[in-house]
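Enquirer: Could you put the whole structure together from the sequences, leaning on the hints where they help?
Here our numbering is used: the first residue of the sequence shown is 861, the next is one more, and so on.
Heads up, a few of these hints could be off.
[Stated by the list, open to error] 27 Å max Cα-Cα, derived DSSO-like pairs, lysine-lysine:
id	residue 1	residue 2
1	Lys-886	Lys-927
2	Lys-1136	Lys-1180
3	Lys-914	Lys-927
4	Lys-1180	Lys-1168
[To be verified] Between beta-carbon pairs, the in silico distance windows are:
id	residue 1	residue 2	range
5	Phe-1195	Ala-972	35 to 45 Å
6	Asp-1101	Gln-1182	27 to 37 Å
7	Glu-1092	Pro-1167	48 to 58 Å
It should be emphasised that the hints constitute simulated quantities derived from the structure, not laboratory data.
Backbone N, C-alpha and C fix where the C-beta goes; we use that ideal spot for every residue, glycine too.
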Amino acid sequence: MALKPENDPLIERPLRMTIREQEDGKHLVRLILRRYPQIRPAALHQALRKRDIKNNGHRLRTDGPVKAGDQIVIYLPQDEAPAADTGPGYTIVKAAHPVWIVSKEPGISVQAGSGQKADGVTLLDALRRDLQQDIFLCHRLDRLTGGLIMVAAGEDNTRLVREQMRQGLVVKRYRCLVQGRPEEGQPVQAADGRMMLEITGWLEKQADTAQVYIHQTKQPGDQPIITRYCVERVLTHAGPDHGDVCELLVELVTGRTHQIRAHLAAIGHPLLGDGKYGRNVYNRHFQAGKGPIRHQELWATCLMFDPKCTGPLSCLAGQKIQIKPAYAWTGYKSF
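Expert: Have a look at this one:
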């Protein structure tokens, strides 16, 4: 029987999945049902009989073990296919049990209560389902910020990781696009020898408005903040007023709510796409496919582990885990 085309009206959409390292050698049907518990086992076995499941382009007729890296495509009738929001988009960048470093897409909430849509599946939900372990977040990442986040199995491992992060043994770095060309700050040498500019201030958090404010002098309830940055690229005349746009490498010494967004805006260089701390009249100039960019151009791109890391981080000691930012602004690639 011929495989159904993707535009068949009975097919909602093909489900695509990549077999992960920890899934190597396991049977395909069980893996699919773990990732998509809404699918009825009978519907999946029927898809196999109809050869509506492909592995690396080859149609399958029976269940069997799969290998890490295998590309699976599953075609199901519309009334059997799971909803499009079955789980958020993420990629496991580094598996170092009991720790995983994951890259998430912008728009994905890391846990309940952090801005996800009603009934939405959070990153934490998806990881617990897919890894079949009691996963906890080692730190946070804003819903609209993409990139690296570290998780651990079990509360004890998570506590040990967080302690080492508080000790400064794990450095978090970000890439972002900002308005103008910043020059503020004092020169400092980062842990890896890189020269950066350091800016400081005091952060006031308004819980009722989910917004923060930056002060140069301490006010009651303020928290100290330290942000480091350096200019990676200057995109000359990229702004609507023919002003420059800069790509920054940012390092957080303190990690407060909205720190990067608010701190850079406070010195006059808001992030592109940031409607909360920037200006939408400026942001509308930057296109992302069918319309202007809709969220801040900020990616968590690097985690650096001190050689002194121990316990659950011992196998990551001395390593630098990096990814490239995937900015929404389509014009970025033309520079």
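Enquirer: Could you run down the list of hints and mark each one as holding or not?
Expert: Results of checking the hints against the structure:
Straight-line distance between C-alpha atoms of Lys-886 and Lys-927 comes to about 8 Å, which keeps the hinted pair within the 27 Å bound. As the CA atoms of Lys-1136 and Lys-1180 are separated by approximately 32 Å, the hinted pair breaks the 27 Å bound. The straight-line distance between the Cα atoms of Lys-914 and Lys-927 is roughly 14 Å, inside the 27 Å bound, and the hint therefore holds. A C-alpha spacing of about 14 Å is found between Lys-1180 and Lys-1168, which places the hinted pair at or below 27 Å, so the restraint holds.
Judged by the Cβ atoms, the range 35 to 45 Å given for Phe-1195 and Ala-972 holds: they are separated by roughly 39 Å. Under the hint 27 to 37 Å, the C-beta atoms of Asp-1101 and Gln-1182, about 33 Å apart, fit the expected range. For Glu-1092 and Pro-1167, the hinted distance range of 48 to 58 Å is not satisfied, since their beta carbons lie about 26 Å from each other.
When each numbered hint is compared with the structure, violations occur for hints 2, 7.
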